[in-house]
Each structure stands twice: as structure tokens, then as C-alpha cells.
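Undergrad: If you want the numbering used here, it's the 1-based position in the sequence shown plus 1.
Any given hint might turn out to be false.
To be verified - Cut-off 20 Å, straight-line C-alpha distance, at most; resulting in silico cross-link-like pairs (SDA-like, lysine to any residue): (1) Lys240 / Ala298; (2) Lys4 / Gly121; (3) Lys240 / Leu293; (4) Lys282 / Phe389; (5) Lys240 / Arg302; (6) Lys4 / Phe182; (7) Lys214 / Phe389; (8) Lys240 / Glu305; (9) Lys240 / Leu39; (10) Lys214 / Phe390; (11) Lys282 / Trp330; (12) Lys214 / Ala332.
Bear in mind the hints are in silico, worked out from the structure with no lab data behind them.
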Amino acid sequence: MLKLLLVWPILTFFLLLAVFSQVCGNLFVNNLLYQHHLSLTQVGLLNSAFFWGYLLMQLPAGYWLNRYGRGYLLFIAAIGLGVGSFLFVLAPSAAISFIGRLLMGLSAAFAFVGLVINLGHCIKKESLHFAIGLSSMTCLLAMAALQHQLPPVIEQYGWQFVMERFAWVSIFAGVLIALIFPLLQARSSEKEEPILPLFQSIAQAMTDATVLKLGALAFCFFSIFTVFVDLWGSLFLQKVHNFDQQSATRLIAWVLLGMAFGGPILGVSHRFLQRPLWLLKGGTLVALVLMLMLIFAQDVRLYEMIGLLFMLGLCCSLNLLIYTVANQWPAENIRGVAVAFCNMMTAFAAIVFQPLMGFALMRWQPMQGQLEFQLIFLAFPIMLLAAFFII
Numbered sequence: 002m003l004k005l006l007l008v009w010p011i012l013t014f015f016l017l018l019a020v021f022s023q024v025c026g027n028l029f030v031n032n033l034l035y036q037h038h039l040s041l042t043q044v045g046l047l048n049s050a051f052f053w054g055y056l057l058m059q060l061p062a063g064y065w066l067n068r069y070g071r072g073y074l075l076f077i078a079a080i081g082l083g084v085g086s087f088l089f090v091l092a093p094s095a096a097i098s099f100i101g102r103l104l105m106g107l108s109a110a111f112a113f114v115g116l117v118i119n120l121g122h123c124i125k126k127e128s129l130h131f132a133i134g135l136s137s138m139t140c141l142l143a144m145a146a147l148q149h150q151l152p153p154v155i156e157q158y159g160w161q162f163v164m165e166r167f168a169w170v171s172i173f174a175g176v177l178i179a180l181i182f183p184l185l186q187a188r189s190s191e192k193e194e195p196i197l198p199l200f201q202s203i204a205q206a207m208t209d210a211t212v213l214k215l216g217a218l219a220f221c222f223f224s225i226f227t228v229f230v231d232l233w234g235s236l237f238l239q240k241v242h243n244f245d246q247q248s249a250t251r252l253i254a255w256v257l258l259g260m261a262f263g264g265p266i267l268g269v270s271h272r273f274l275q276r277p278l279w280l281l282k283g284g285t286l287v288a289l290v291l292m293l294m295l296i297f298a299q300d301v302r303l304y305e306m307i308g309l310l311f312m313l314g315l316c317c318s319l320n321l322l323i324y325t326v327a328n329q330w331p332a333e334n335i336r337g338v339a340v341a342f343c344n345m346m347t348a349f350a351a352i353v354f355q356p357l358m359g360f361a362l363m364r365w366q367p368m369q370g371q372l373e374f375q376l377i378f379l380a381f382p383i384m385l386l387a388a389f390f391i392i
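Kindly generate the complete structure, drawing on both the sequences and the hints.
TA: Okay, here's the thing in C-alpha cells:
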């Protein structure tokens with residue numbers, strides 16, 4: 002229990018930093034557009050650099066965290082996140098900012114997989130989903146608070162001020178991880194299957210039908226978070242529902258709040274579920290209906306929008322089922338790779354849709370009508386419909 006009390010808060014803190022580095026794009030999109038004279042396509046490409054790094058590092062991260070020193074790798078990742086943040090914010094050119102954003106993604110790739118693998122060595126399997134859900138709730142509640150508090154700070158001090166402080170906090174997280182090295186290096190007392198070589202482990206995971214199905218689900222289902230919440234959701238609310246920038250940014254926080262409360266609730270109920278994929282199927286259908294309402298509803302009042310986005314967040318929290326299934330159903334020696342593959346597919350969704358939607362939006366400059374936004378954002382219901390049939 003003492004080990005869990007030391008490991009859980011520090012790894013959850015690192016996960017929070019990784020989530021912020023992923024989601025911060027929606028806070029800065031207007032600054033990048035006007036202060037750095039970038040087009041919507043360029044903003045999408047710059048922000049998606051994070052997901053290129055995240056994508057490339059996911060499978061190696063899952064494998065290395067399973068096989069080698071979990072503490073040292075997480076320490077290096079936290080320091081890398083800080084260095085990447087400094088490059089992103091202080092770079093004299095967009096090209097170097099791209100490299101910084103890429104390094105942030107490479108480093109953040111270790112956070113969630115490291116949390117799942119280390120908690121799996123600390124607690125019983127039946128409690129793992131609740132622990133992951135609690136970590137997710139903590140991070141998302143903190144992110145929701147930041148979504149509310151940071152817009153006026155950014156307006157007064159600038160987005161560079163926020164990112165510089167974030168970089169220093171990331172380096173401090175690396176120091177905290179260094180303090181718990183012995184706990185993270187400890188191996189489980191259970192007998193483990195022999196770890197396969199990297200490429201053999203990846204090949205085995207890529208030929209496992211369950212892993213491929215879960216990866217496809219992660220790609221379709223989590224695109225709401227990696228594309229809508231991370232970047233374009235705030236602009237959508239401004240253009241389609243006529244909210245000002247600060248109000249739109251704060252409204253996105255309600256999706257995070259819904260995900261935050263949905264995680265632990267799902268964690269408690271998970272042990273009683275005989276067929277978790279059926280719950281995921283039902284949640285996907287509800288999310289599809291909510292997304293259509295969000296796109297086409299007219300004259301939505303503030304409290305109605307809050308309720309709609311909160312319910313959408315509750316449905317999005319079901320993505321945690323994908324990761325717990327990936328950490329339990331495949332063979333033990335490829336579970337780290339399976340979890341990483343699902344995470345990789347969420348990053349791939351961002352890489353595809355963030356710049357693609359930016360390009361589509363730019364084609365309709367000066368974006369005076371709502372119809373163009375509504376047509377482009379139909380991509381989300383289509384992805385949810387695909388997820389429904391995959392399950």
C-alpha cells in the first residue's frame with residue numbers, strides 16, 4: 002500500500018503534464034494564427050507534430066517499459082517533455098517549434114503506458130481499471146480547471162509565459178520520478194512470460210485479432226478527444242454557436258469534466274460487467290447522437306451546451322475500457338505493446354484529422370457561414386458510426 006501511495010500520485014502527475022501538452026493546442030490556436038502568421042493548415046500541422054512523436058514512440062515505449070528499467074525511462078521522458086516545451090515556445094522559427102512539439106510527443110508517449118504498466122505491478126487486476134479511472138479523473142479535473150483559468154492568464158501574459166512555466170514543472174516531475182526509482186524498478190512477484198524481442202513482440206501483437214480490433218476502436222472513438230477537444234472544438238463553438246473565445250475555451254472543459262467523472266464510475270462497475278464491449282457499443286451510439294445534436298442544433302443556450310458537452314465527455318470516458326481490455330485479454334508478454342498500439346492509434350487519428358480539417362477550413366475562408374463548419378465536423382459522427390460497427 003505504501004508503494005502505491007508513493008507511485009500513484011507521481012505517475013498521475015506526469016500523466017497530467019502529458020495530457021496538458023496534448024490538449025494545450027486549443028488554448029493557443031488563435032495566438033498561433035495571428036501572432037505567428039500561420040494558416041489554419043499550418044497550425045494543424047504544427048500541433049499534429051506532437052502526435053507524430055507520440056505515434057512513433059508508442060510501440061517502443063510499451064516494449065521498453067515492459068522489458069527495461071521503468072524508472073529511468075520515465076525520468077528521461079519527463080526531462081524530454083520539459084526540453085521540448087522550451088524548444089516549442091522559444092524557437093525563432095516554425096521549423097524549430099515543430100521539432101520541439103515533436104519532442105514533446107516522443108516524451109509524452111511514455112506517460113499513460115508507464116502508468117498502466119506500473120500500476121499493474123502494484124495492485125490486483127480487478128482494481129486496475131478503477132486506479133486508471135481515478136488517475137484519468139484527477140488529470141481531467143485538473144485540465145478542466147486549467148481550461149477555465151488559463152485563458153485570462155494567456156490574454157494578460159501571453160501563451161509563451163504559460164509554456165515556459167510548464168517546461169520547468171515537467172523537469173521538476175523528472176526529479177520526483179527519480180526519487181521513486183527503486184519502486185519503479187521492482188519486478189512483480191508473479192511469474193511472468195518471457196519477454197520477446199522488440200520486432201517479434203510487435204509482430205505478434207499486429208497479428209492478434211483482438212489487438213487490431215481494439216486499435217481500430219481507439220482510432221475511431223477517441224478522435225473526438227484528440228481532434229475536437231485538443232484543437233478545433235473551441236473554434237467550432239465560436240463559429241457555429243457564436244460563443245466568444247474565452248467562453249468557447251471554457252466550454253471545452255465540460256467535455257473533460259464528463260470524462261473525469263465517467264472514468265471512476267466505469268472503474269467501479271467494470272468488475273461487474275460480463276461483456277464490456279457491449280457497454281462500449283451503447284456508449285458509442287449515444288455519443289453519435291450527441292455529436293449530431295452538437296453539430297446541427299440551433300440557438301443552443303449556455304446551460305444546454307454545458308449539459309451536451311458534459312454528456313459527450315461521459316461517453317468519451319468509455320475509451321478507458323479499450324485500454325483495460327488491451328491490458329488483460331492479449332498474451333501477457335505483448336500487453337504493453339497492445340496498450341501502446343491503442344494509444345498509437347489515437348495519435349494517428351490526430352495526425353490525420355488535425356491538419357486535414359485545418360486544410361478544409363482554410364479552403365472556405367473567410368469562414369463566414371456555419372454550414373461549412375457543420376459539413377466538415379460531420380467527420381466525427383462518421384467515425385463514431387464506424388466504431389459502432391467495429392465493436
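Undergrad: Which of the numbered hints are not met once you compare them with the structure shown?
TA: Result: no hint breaks.
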